[in-house]
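Novice: Now for the letters of each chain:
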Amino acid sequence: GEDVEQSLFLSVREGDSSVINCTYTDSSSTYLYWYKQEPGAGLQLLTYIFSNMDMKQDQRLTVLLNKKDKHLSLRIADTQTGDSAIYFCAETPENTGFQKLVFGTGTRLLVSP
Amino acid sequence: DAMVIQNPRYQVTQFGKPVTLSCSQTLNHNVMYWYQQKSSQAPKLLFHYYDKDFNNEADTPDNFQSRRPNTSFCFLDIRSPGLGDAAMYLCATSRGLAGRTDTQYFGPGTRLTVL
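Protein chains in written order, with this note's numbering: chain A, 6 to 118; chain B, 109 to 223.
Any given hint could be a false lead.
[Unchecked claim] No more than 30 Å apart at the CA atoms, straight line, and that leaves these computed lysine-lysine pairs for DSS-like:
#, chain 1, residue 1, chain 2, residue 2
1, A, 41, B, 125
2, A, 41, A, 105
3, A, 41, B, 146
4, A, 72, A, 105
5, B, 152, B, 125
6, A, 73, B, 125
7, A, 61, A, 75
8, A, 73, B, 160
9, A, 61, A, 41
10, A, 105, A, 61
11, B, 146, B, 160
12, B, 152, A, 61
13, A, 41, A, 72
14, B, 146, B, 125
15, A, 105, B, 152
16, B, 160, A, 105
17, A, 105, A, 75
18, B, 125, A, 72
19, A, 61, A, 73
20, A, 41, A, 73
21, B, 125, A, 75
22, A, 75, B, 152
23, A, 75, A, 41
24, B, 160, B, 125
25, A, 61, A, 72
26, A, 105, A, 73
Derived by calculation from the structure, the hints in this document are not laboratory data.
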């Protein structure tokens, strides 16, 4: 089955690092994604990781994948007030024939000055 | 430059009155998706089109229909909206690449209110 869970809320101070966690249940997932949703807006793809990788770094973003524990995390270095948003992890189950995204519940990140 | 456009951004309808939401894209992508996102919940896929092929999710209510008259446009029709259909409706597109990651580009969404 497909189930993706995240903590609901994270509050950090500007300049600190933020770590957003996600757990998933579908071991056949091939790709895992992080999306950002600002208020009143659609979803913006931040980064993704293929399931045979442990880590991916992209500027201020670091994605860590522990496939054994089915745990995915997104670290944002030097968090800015503009990073305040809801962050969704998502997985793509294998062999769906198209990119079916199963989203987590979303983590609301609040960055205070 | 807007790539996935949704109109209107806000839609108010009455209980039981049919409503149509619109999505257009300038990316010439093969796949178009419709998601429903209720307050404080994850987006949930309703259906998608791969070119003209319509693919419905198993748990999408019959009340929801879709049309794709051409590559650029896709419509979501709600035949008899109920109070439980109030949500943000997100349209997305992707190239439809097989065997590799296929980025979905989302529109800004249409927030539907049912009175």
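Novice: Compare the structure with each hint and give your call.
Specialist: Results for each hint:
no. : hint            : result
1   : A/41 <-> B/125  : violated, 33 Å
2   : A/41 <-> A/105  : holds, 18 Å
3   : A/41 <-> B/146  : holds, 16 Å
4   : A/72 <-> A/105  : holds, 20 Å
5   : B/152 <-> B/125 : holds, 23 Å
6   : A/73 <-> B/125  : violated, 49 Å
7   : A/61 <-> A/75   : holds, 16 Å
8   : A/73 <-> B/160  : violated, 39 Å
9   : A/61 <-> A/41   : holds, 17 Å
10  : A/105 <-> A/61  : holds, 22 Å
11  : B/146 <-> B/160 : holds, 28 Å
12  : B/152 <-> A/61  : holds, 27 Å
13  : A/41 <-> A/72   : holds, 22 Å
14  : B/146 <-> B/125 : holds, 20 Å
15  : A/105 <-> B/152 : holds, 10 Å
16  : B/160 <-> A/105 : holds, 17 Å
17  : A/105 <-> A/75  : holds, 18 Å
18  : B/125 <-> A/72  : violated, 47 Å
19  : A/61 <-> A/73   : holds, 17 Å
20  : A/41 <-> A/73   : holds, 26 Å
21  : B/125 <-> A/75  : violated, 44 Å
22  : A/75 <-> B/152  : holds, 21 Å
23  : A/75 <-> A/41   : holds, 21 Å
24  : B/160 <-> B/125 : holds, 27 Å
25  : A/61 <-> A/72   : holds, 14 Å
26  : A/105 <-> A/73  : holds, 22 Å
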